[in-house]
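Colleague: Residue numbers (the numbering used here), protein chains in the order written: chain A, 1110 to 1517; chain B, 1110 to 1517; chain C, 1110 to 1517; chain D, 1110 to 1517.
Honestly, the hints are just simulated from the structure, not real lab data. For clarity, every value in this text was computed on a predicted model and none was experimentally measured. Warning: the hint list may mix true and false statements.
Only some residues are given here: those of chain B computed to face chain C with a beta carbon under 10 Å [to be verified]:
no., residue
1, TRP1256
2, HIS1274
3, ILE1276
4, ILE1278
5, LYS1280
6, ASP1281
7, LYS1282
8, ILE1303
9, PHE1377
10, ASP1407
11, SER1432
12, LEU1504
13, ARG1505
Now the stretches of chain B that chain A is said to cover, found in silico as 3 or more residues with beta-carbon under 8 Å [said to hold, decoys possible]:
no., segment
14, 1117-1129
15, 1159-1173
16, 1191-1203
17, 1305-1311
18, 1359-1373
19, 1492-1502
Covered stretches of chain A (in silico footprint by chain C; criterion: 3 or more residues with CB under 8 Å from a CB of chain C, positions within the stretch not fixed) [unchecked claim]:
no., segment
20, 1408-1414
21, 1464-1476
22, 1485-1494
Each residue gets a CB set at the ideal place from its N, CA and C atoms; glycine is no exception.
Protein chains: 4
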Amino acid sequence: MAKDVKKVVLAYSGGLDTSVILRWLQTTYGCEVVTFTADLGQGEELEPARRKAEMFGVKQIFVDDLRDTFVRDFVFPMFRANTLYEGQYLLGTSIARPLIAQRQIEIAEEVGADAVAHGATGKGNDQVRFELSYYALKPDVTVIAPWREWDLTSRTKLLAFAEEHQIPIAKDKRGEAPFSVDANLLHSSSEGKILEDPALPPDEIVFQRTISPESAPDVATEIAIDFVGGDPVAINGEALGPAALLAKLNELGRANGIGRLDLVENRFVGMKSRGIYETPGGTILLAAHRNMESITLDREAGHLKDSLMPRYAELIYNGFWFSPERRMLQALIDTSQNSVTGRVRLKLYKGNVIVTGRESPHSLYDTRVVTFEEDGGAYDQVDAQGFIKLNALRLRLGAAVGRKGGTP
Amino acid sequence: MAKDVKKVVLAYSGGLDTSVILRWLQTTYGCEVVTFTADLGQGEELEPARRKAEMFGVKQIFVDDLRDTFVRDFVFPMFRANTLYEGQYLLGTSIARPLIAQRQIEIAEEVGADAVAHGATGKGNDQVRFELSYYALKPDVTVIAPWREWDLTSRTKLLAFAEEHQIPIAKDKRGEAPFSVDANLLHSSSEGKILEDPALPPDEIVFQRTISPESAPDVATEIAIDFVGGDPVAINGEALGPAALLAKLNELGRANGIGRLDLVENRFVGMKSRGIYETPGGTILLAAHRNMESITLDREAGHLKDSLMPRYAELIYNGFWFSPERRMLQALIDTSQNSVTGRVRLKLYKGNVIVTGRESPHSLYDTRVVTFEEDGGAYDQVDAQGFIKLNALRLRLGAAVGRKGGTP
Amino acid sequence: MAKDVKKVVLAYSGGLDTSVILRWLQTTYGCEVVTFTADLGQGEELEPARRKAEMFGVKQIFVDDLRDTFVRDFVFPMFRANTLYEGQYLLGTSIARPLIAQRQIEIAEEVGADAVAHGATGKGNDQVRFELSYYALKPDVTVIAPWREWDLTSRTKLLAFAEEHQIPIAKDKRGEAPFSVDANLLHSSSEGKILEDPALPPDEIVFQRTISPESAPDVATEIAIDFVGGDPVAINGEALGPAALLAKLNELGRANGIGRLDLVENRFVGMKSRGIYETPGGTILLAAHRNMESITLDREAGHLKDSLMPRYAELIYNGFWFSPERRMLQALIDTSQNSVTGRVRLKLYKGNVIVTGRESPHSLYDTRVVTFEEDGGAYDQVDAQGFIKLNALRLRLGAAVGRKGGTP
Amino acid sequence: MAKDVKKVVLAYSGGLDTSVILRWLQTTYGCEVVTFTADLGQGEELEPARRKAEMFGVKQIFVDDLRDTFVRDFVFPMFRANTLYEGQYLLGTSIARPLIAQRQIEIAEEVGADAVAHGATGKGNDQVRFELSYYALKPDVTVIAPWREWDLTSRTKLLAFAEEHQIPIAKDKRGEAPFSVDANLLHSSSEGKILEDPALPPDEIVFQRTISPESAPDVATEIAIDFVGGDPVAINGEALGPAALLAKLNELGRANGIGRLDLVENRFVGMKSRGIYETPGGTILLAAHRNMESITLDREAGHLKDSLMPRYAELIYNGFWFSPERRMLQALIDTSQNSVTGRVRLKLYKGNVIVTGRESPHSLYDTRVVTFEEDGGAYDQVDAQGFIKLNALRLRLGAAVGRKGGTP
């Protein structure tokens, strides 16, 4: 169990659980602990985490604002593919893990640590996402996953350990949370305990980042999003950096009851689980990006992307961001986005994202060709006959030898 | 041009355009015309079509109610795949064409006709869908596509021909319609003319089958849908035949502002076009089916279906329903649906379809395994370490020879 | 370690290693051992295995001839897909494992055993193939994998255990084999030890089932294979059962130096390994089946199969024969084979399999259409213009807005 | 028919057929003809083509050596994907067409021509490949395809036209060739007439570029090929430019009876056709590249490429080299080839290409990990158990609710 470890970089939130882990690492491994706390837009202050770490005698404390990196280098590339896991999930948790792991490994290299540790449990996907990323970036690193190792297997034992080691316990942490939450600039997820029965709807208290469609205003909000090369760059004409832009979309989405998802999904570790996701800005962004592509992307380029999207989503969900196959797919996807530039107008109304217009200097939509009116020779209807005849040829040859209607 | 044709079966709606075609076939080809009018739930009376055909001297007139066939043998199989063309379109027009063509060919065999004719234009997808189906079912059939052949290239010429041949012109058909409409039990589509600019939202008058989310009631409607083997069989506990069930869902969707789509899509014939689709019942059905699958379908079964869905959708959109590859994919899809049985509860509210529960006697969701609580040994967290280690092995070997982070 | 086990069914070859396992199970688990020895055409006598098992006090001994089952229900279905793992490997070992596991589980049910055991090591794919099959067929079974559990980690320790427990050691088993072998009716594989360096060619002594191309006769052997519905049924006009047919092809292949493969492949457990495979009959069968399909299978049916073959091969290689996704793909593949009926003629010559003719009552090859000669109107060359024009339309629209040459 | 054309660039071989086309263009269209003759390694002298063109009064004559461009920018990129159409065809003709078209369009821009013409027939794939490339590069170009337009529908009429227009007819061109040939540095293809019956083997006289396996030497030739970044750069240690390298491989293949293929394939225009292909160097190169990848490419990178290869091959075969989707796939493929560097050794013997060794500074093959011997902790066999258990979990959960053996 207790491998020989000298210095470990811990992904540290400052909360009770990772504080227990911090102390547990110190006592069990007898090693120096370096803490790393990241701002990914989860909406919590980070300074308390620093102070707590100091209190535990941690000498090297890293607190980093990674919000722009997160959105620019992880969220936006993922949205270029219109990525949805199992047709619905915008991968808000999955896409944050590789960045945390990446920075953790950078810190490990910087401070000469031989190990990294995280607070994910042994039943979830996050352990896989963290650890695959660690190993891909630093193959000889020692990984410590306390939840798979220790004997603090109940809340009672955890609290006892905390008390024994002078770890402050907030009053509201005495009892168990009725469900567990993960949050960052892209989304907020809730799962476990009171949410475990998929036959029951979530209680309204579960939602943290959106008001309900019912509570949203009776008047729609109209917005315009500008894209350059597949990524959003401005809202209502105002240029915004990646994190600021996503934050603005979150605000707009929240206010209009947009982005709730109640999902039963399939975990990489083999079981089904149920999650409640709130992705207000991401839901708007997906609709906007799809519509931007609808006039700027070639048909076969789009269909090729669509056919590979499920695989790409699966890779991110399963934790393979830092893999050759994800990089290869990204190269394919990115190649398609050069001309995905222009403006999409949307109406946000009580949970709905309704497109009201798309325009682009690179538009492939050609009114002359498509029109029901006279087109001045832009399209020769006679060509359609040859097109159909040759597309039908193999079906006719098949039918002629008795395989009617495409019977194989 | 005027091939030698003795008897032609015309897909006849009774409207002005197909009435002109009817007469044009008689005069141009000098052949006998058999009319075929199908009820696919488009919501029009068919008897006027019969009377008009009689008026034109047609001797063999077929008027068929194909609604249950349509939903059972075409719509439901398509929904088993959660089919969306280009991520959004529920294929309401595409899925109706092969059935019309199939019945047309059956009639041709029955009455000994050597030709079939349709009223689709030379720029659209429907001509392809009709004709590929014709050829796949009767490879030696002669296909007449008047819109590609005749010189009635303007509204004025068409009306002149109608007048010259005593074809009655309804008053509201004198002027040109501001857009063109197709409808059946699954959807209503509108396109062309005033809808051609994708930068502008559709006018409210375009919508025929749904009220707007804004006009929908302030109180949600709660429903339950039962599935057996992948297909819906009952609403709120009431067993319904295929067509009745879809009609009921349409009613529920309409009343709650559900199922509008404003889309720029890529046609098989090569250009982009813009359509406004209303698929109230189908939108509800898709959400329900996905949720039913979420607890009953194996992960890899679902992912395999998801990865092939874009191809399957493309085949239907392009008109290849009667092809070996569509049949092969259908076999794969159908094989997965055995256990997709149970009940899904939904809340319909102002454009939103919100799942509120799913349950199934065949559920793969196992609370014992997934729970954050003690699971009594249902899942050994230690297994996760080996799982991660072996999944990481190739990434570590790569990183060890200098390919850090999955660099290929 | 030593879980509570009452009765275990061991996949038993009668060789030294599985004999040690047999005894080790008896002594370590103190449980009753049932042996199961299968004839899959590996070319060894099975009666010695029975006698040895008796000697160890085994009361329930199963010795089954599974050759026809193996070829009919596993090998032939796989060949319907022209299956090659990583473009080259005919999966001879992979396809045998699920059948062994299936029979083992049947026996476990029959004799009321609560566990199964196999002799595969902890680094290979076979452990995965066995165990995934076990679990898929009997989810509560206890699996014992001695090579992952015991401390007989060296040859010396293994031999010491054997001596201590009166296990007879054949003289030629005293030293270590220079490489390890697996064999069945489809193939023979060799790997390990002297074969581990992929920079060196295998020594000629490695080959067991084929003579070298150099040693093969200077005169070609001509054969004809008949197919019905995708499976071979006769050689040179003589109808043969599945196993007899494959045995005959093996004989023909061996004599002509056909079917050797020197491969570095990627294991499911994460590392690369090197294997020498001999699949004489399978190599002939693949060539024959492909050629049979070439005149009987629709283009898109074939392309769809081709595009899914790598996934199907991966599933079999990784051990997922008994999985929903393999069954779904099989349904798709099988649907395509109805008309794959006819005769293929081949010439076998010094490692080459050369097709010399294919004919079929269901042939889609139509001389009238393809001919360079006058075709009497079977194909209208003018159709090609429309076909090209519409296929080019999107590329032209792209080029017209500055995306020349298909630049995205 | 005779569109208004001022100046046309003709792909001109100097042979009888394209000479007739040259004159026919001059007389039918009354336009200036510019000839373009390319050396793609077809093995014919080009100066006679120049002289003939002069004889016909052509003022602008282009004769270009494109061999290195062909191999470097078209053949090698294609081989990076291990491309095979329908599992067998190395696409020798298909890959040459886009280059010819590209240069033709460049010349058209250069000389101010408004049209291009080619000598491909209306039944084949080449017309599609030429024209899709033309349109993708110059969307407003006029394309003239004489074989689809003129009335020289028989050999007699063609010869009569030639005589009438003083086109010299070589004696051996009086009669019709018994089959038609296309050749370039990658391959030689033969089809038509005496080759049309797929039930009969080709006569030995058909083969132009290879001796038969039977005629090849009794002693094998051993060679080594070096790769850098996925492309071959040297043979037997001698660095060679792209064209010289392929020419050398052709020589080696020819001498050893390597690279013959007798194929029934599916044309894009809808029918099956039969071709005899000789690709001696390409066959060696494919085997070498695959083996180079086998030790340098990550497993999932390789599987991803394999799964997309059929689509990539189809695009090239169908003529979509200059399309967004081909460029996207190329980006994915190229991204994977960085580390495909090293040496492969092969033995060429009577039609066989047998690998005898592979080595690379970037090898992912790790003897420590794979070995059957003690591995010093490089791989922990216990990890396999967790790996299997979690991979099995969904199958076990399925079986537990009655879906035994992966029944969906």
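Colleague: Please go over all the hints and tell whether each is borne out by the structure.
Modeller: Each hint tested on the structure:
At a threshold of 10 Å, the smallest CB-CB gap from B:TRP1256 to chain C is about 15 Å, leaving the interface hint violated. Restraint check, B:HIS1274 versus chain C: the minimum CB separation of about 30 Å is more than 10 Å; hint violated. The interface hint given for B:ILE1276 is broken, as the beta carbon of that residue sits about 31 Å from the closest beta carbon of chain C, more than 10 Å. Because the beta carbon of B:ILE1278 sits about 33 Å from the nearest beta carbon in chain C, more than 10 Å, this interface hint is broken.
Given the 10 Å rule on beta carbons, the hint for B:LYS1280 is violated: about 38 Å separates it from the nearest Cβ of chain C. Interface restraint check: B:ASP1281 against chain C, minimum CB-CB distance 35 Å, threshold 10 Å, status violated. Hint status for B:LYS1282: violated, given a least beta-carbon distance of 31 Å to chain C, over 10 Å. A hinted interface residue such as B:ILE1303 counts as satisfied when its beta carbon comes closer than 10 Å to some beta carbon of chain C; here the least separation is about 23 Å, so the hint is violated.
The beta carbon of B:PHE1377 comes within 8 Å of a beta carbon in chain C, closer than 10 Å, and the hint placing it at the interface holds. Taking 10 Å as the C-beta cut-off, the interface hint given for B:ASP1407 holds, the closest approach to chain C being about 4 Å. With its C-beta approaching chain C no nearer than about 6 Å, B:SER1432 sits inside the 10 Å limit, and its interface hint holds. For the restraint placing B:LEU1504 at the interface with chain C, the shortest Cβ-Cβ distance is roughly 9 Å, inside the 10 Å limit, so the hint holds.
Hint status for B:ARG1505: holds, given a least beta-carbon distance of 8 Å to chain C, under 10 Å. For the segment 1117-1129 of chain B, the proposed coverage by chain A is not satisfied: 0 residues have a C-beta within less than 8 Å of a C-beta in that chain, short of the threshold of three. Counting residues of the segment 1159-1173 of chain B whose CB lies closer than 8 Å to any CB of chain A gives 0, so the stated coverage by that chain is violated, three being the minimum. Look at the segment 1191-1203 of chain B against chain A: 4 of its residues bring a Cβ nearer than 8 Å to a Cβ of that chain, three or more, so the hint holds.
Against chain A, the segment 1305-1311 of chain B contributes 6 residues with a C-beta closer than 8 Å to a partner C-beta. That satisfies the three-residue criterion, and the hint holds. Restraint check on the segment 1359-1373 of chain B versus chain A: 4 residues with Cβ-Cβ distances below 8 Å, three needed, restraint holds. Check result for the segment 1492-1502 of chain B against chain A: holds, 6 residues qualifying (beta carbon to beta carbon below 8 Å, three or more required). Only when three residues or more bring their CB closer than 8 Å to a CB of chain C does the claim for the segment 1408-1414 of chain A stand; here the count is 3, and the claim holds.
With 4 residues having a Cβ less than 8 Å from any Cβ of chain C, the segment 1464-1476 of chain A passes the three-residue criterion, so the hint holds. Judged by the Cβ-Cβ criterion of 8 Å, the segment 1485-1494 of chain A is covered by chain C as claimed, because 6 of its residues qualify and three suffice.
Hints 1, 2, 3, 4, 5, 6, 7, 8, 14 and 15 from the list above are not met by this structure, while the remaining hints are.
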